[in-house]
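Engineer: Go ahead and model the full structure; you've got the sequences and the hints to work with.
Mapping of the sequence shown onto the numbering used here: position 94 corresponds to residue 96, and the numbering continues sequentially without gaps.
Hints listed in this document are in silico derivations from the structure and should not be mistaken for laboratory results.
Worth double-checking, as some hints may not be accurate.
[To be verified] Simulated crosslink set (EDC-like; lysine to aspartate or glutamate; CA at most 16 Å straight-line):
no., residue 1, residue 2
1, Lys534, Asp500
2, Lys218, Glu112
3, Lys220, Glu315
[As the list claims (entries may be wrong)] The calculated label-pair distances, taken between Cβ atoms and stated as ranges, are:
no., residue 1, residue 2, range
4, Glu460, Tyr146, 32 to 38 Å
5, Glu384, Val511, 53 to 59 Å
6, Arg243, Gln365, 44 to 50 Å
7, Thr213, Asp566, 45 to 51 Å
8, Ala38, Gln205, 18 to 24 Å
9, Arg243, Pro59, 28 to 34 Å
For every residue, glycine included, the Cβ atom is placed at its ideal position computed from N, Cα and C.
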Amino acid sequence: MSLIMKFLGLLLLYGLFSYPVSSTKTHNYEFVIKEANYTRLCDTKSILTVNGQFPGPTIYARKGDTIIVKVINHAGYNITIHWHGVDQPRNPWSDGPEYITQCPILPGKEFSYEIILSDEEGTMWWHAHSDWNRATVLGAIYVYPKLGSSFPFAKPYKEIPIILGEWWKADVNQVLAQALLTGGAPNISDAYTINGQPGDLYQCSKQGTFTAQVEKGKTYLLRMINAAINNEHFFSIAGHRLTVVGTDASYTKPFVTDFIMITPGQTMDLLLVADAPLNRSSSSNNRFYMAARPYASAVGVTHDNTTTTAILEYITPGTKKTVVDSSPVFPSLPAENDTDAATAFVAQLRSLATKEHPVNVPQTINERVIITVAVNLRPCEENNTCLGPFNNRLAASLNNISFVFPMIDILDAYYHQISGVYEEGFPPEPPLTYNFTGDNLPRYLLTPRRATEVRMVEYNTTIEVVFQGTNLLAGENHPMHLHGQRFYVVGRGFGNFDEDKDPQGYNLVDPPLENTVGVPTKGWAAVRFKAKNPGVWFMHCHFDRHLSWGMDTVFIVKNGATPDSKILPPPLDMPKC
Numbered sequence: 003m004s005l006i007m008k009f010l011g012l013l014l015l016y017g018l019f020s021y022p023v024s025s026t027k028t029h030n031y032e033f034v035i036k037e038a039n040y041t042r043l044c045d046t047k048s049i050l051t052v053n054g055q056f057p058g059p060t061i062y063a064r065k066g067d068t069i070i071v072k073v074i075n076h077a078g079y080n081i082t083i084h085w086h087g088v089d090q091p092r093n094p095w096s097d098g099p100e101y102i103t104q105c106p107i108l109p110g111k112e113f114s115y116e117i118i119l120s121d122e123e124g125t126m127w128w129h130a131h132s133d134w135n136r137a138t139v140l141g142a143i144y145v146y147p148k149l150g151s152s153f154p155f156a157k158p159y160k161e162i163p164i165i166l167g168e169w170w171k172a173d174v175n176q177v178l179a180q181a182l183l184t185g186g187a188p189n190i191s192d193a194y195t196i197n198g199q200p201g202d203l204y205q206c207s208k209q210g211t212f213t214a215q216v217e218k219g220k221t222y223l224l225r226m227i228n229a230a231i232n233n234e235h236f237f238s239i240a241g242h243r244l245t246v247v248g249t250d251a252s253y254t255k256p257f258v259t260d261f262i263m264i265t266p267g268q269t270m271d272l273l274l275v276a277d278a279p280l281n282r283s284s285s286s287n288n289r290f291y292m293a294a295r296p297y298a299s300a301v302g303v304t305h306d307n308t309t310t311t312a313i314l315e316y317i318t319p320g321t322k323k324t325v326v327d328s329s330p331v332f333p334s335l336p337a338e339n340d341t342d343a344a345t346a347f348v349a350q351l352r353s354l355a356t357k358e359h360p361v362n363v364p365q366t367i368n369e370r371v372i373i374t375v376a377v378n379l380r381p382c383e384e385n386n387t388c389l390g391p392f393n394n395r396l397a398a399s400l401n402n403i404s405f406v407f408p409m410i411d412i413l414d415a416y417y418h419q420i421s422g423v424y425e426e427g428f429p430p431e432p433p434l435t436y437n438f439t440g441d442n443l444p445r446y447l448l449t450p451r452r453a454t455e456v457r458m459v460e461y462n463t464t465i466e467v468v469f470q471g472t473n474l475l476a477g478e479n480h481p482m483h484l485h486g487q488r489f490y491v492v493g494r495g496f497g498n499f500d501e502d503k504d505p506q507g508y509n510l511v512d513p514p515l516e517n518t519v520g521v522p523t524k525g526w527a528a529v530r531f532k533a534k535n536p537g538v539w540f541m542h543c544h545f546d547r548h549l550s551w552g553m554d555t556v557f558i559v560k561n562g563a564t565p566d567s568k569i570l571p572p573p574l575d576m577p578k579c
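Structural biologist: Written out as structure tokens, the structure reads:
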């Protein structure tokens, strides 16, 4: 009997068999933060890594599981880790953003994060949430269906990670520090990457190009993550179409597309059928480029306009691989300023909305919060020269408030009622009404107020947040991310949001459930959620340059009346400021 049980255990471990019951499990990981030398673009530099890996290790779990990650900081930098897309019910202590829910893990110290999975199912990711350390401290989270359940599509033959990133030859935190010192824009990246590699089109990079090997006729699940620091991307594979089946760890109605547009912070699950016509020449393998180039919606804003590539290579099992000198086929991608293409793609995203994967879209709301999203200027300090426009300092804001990070974390201050750390005055609407998306806006609108303002929310309130883009300095697509609460994206549009007319066009039937929403350039996006997760939750643009300039705020969801609607007590090993 013991041999039979051991055999069944191995089948369960490798997903070859499952009992017809649901169960949850706790998984344990150890992340050692340490510096390691990596060579890219002909140069070697020291980068921050987890366990010496770049990208870092993948976390595997099932829906409803708990994950314990012990983070040991052996580097010379402060660090925190965020579990992007995990709601963390009642547990903001392990959410990770520096000076929002925790003080950083100091060099030589450690902290154990408890990641509590609930309804998430699909692809998520983890990354550093201190300075710009997430450029190299990042990795994937794969959340599988519960035992006894399955994907809402045919089980793929294999899974392939596709993680988009950015690479600087310089130390990325020195890039940030220099920008904050001078008040100018940060230096653009030197390359984009796929799974840590720039690809064939960059100098000294061809040998390391990521290659995914596939077999004819098989179906593969691409787990796509945009981990870039400051850029959205178009992505495509030559000779192949992609079927979108999920976004931000929530299933979507499948649709077929030639390309995707994915913002920083977002994830997508894509099915790839290896069905391309093959070259039957015995001297040639059949190879196709995967490629990603930026979607750059802002006019006149400097950006890295290069293209990263990886290779999809057809193989025949049991045959010897042939060395091939010919270049793979290159895909067709939209132009980098093709807002029509980006908009058309996003418009196809719909929740799956089945009995097994239902939606719960709020049909009515208790509160609407309208938030202007803007890039601003602040006056340069006396006796100083700044490198921003008009010799001022670049800034960013939400509702004309440029967020100032406190010296101790807001969660600690809220939980222990420490005064003087933050104020509760984040407004429910813009403090000044103007033609937000108009041209030639007056310069006096450019200067925000600097403050640490949060928005207080009663437990179980149904909220609609309308992100209103602006054309101050430059209109741009902004990926807005909310921690602790996933939301339904019920509407998008261009121009100024009309409270009377635009809600009439909302999708309240099957809108996508996301944690990061792209606010259209010179437009708006509306999201809805029920504030049923008590805690302190960061909201910010996932362009890190905008986060660093102040395009951030915090939603504090108050405790409910019952014990299971209150914030969990803090762990004993919380890092100290």
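Engineer: If a hint holds in the structure, say so; if it doesn't, say that too.
Structural biologist: To see whether the hints hold, each was checked on the structure:
| no. | hint | verdict |
| --- | --- | --- |
| 1 | Lys534 <-> Asp500 | violated, 28 Å |
| 2 | Lys218 <-> Glu112 | violated, 47 Å |
| 3 | Lys220 <-> Glu315 | holds, 13 Å |
| 4 | Glu460 <-> Tyr146: 32 to 38 Å | holds, 35 Å |
| 5 | Glu384 <-> Val511: 53 to 59 Å | holds, 56 Å |
| 6 | Arg243 <-> Gln365: 44 to 50 Å | violated, 35 Å |
| 7 | Thr213 <-> Asp566: 45 to 51 Å | holds, 49 Å |
| 8 | Ala38 <-> Gln205: 18 to 24 Å | holds, 22 Å |
| 9 | Arg243 <-> Pro59: 28 to 34 Å | holds, 31 Å |
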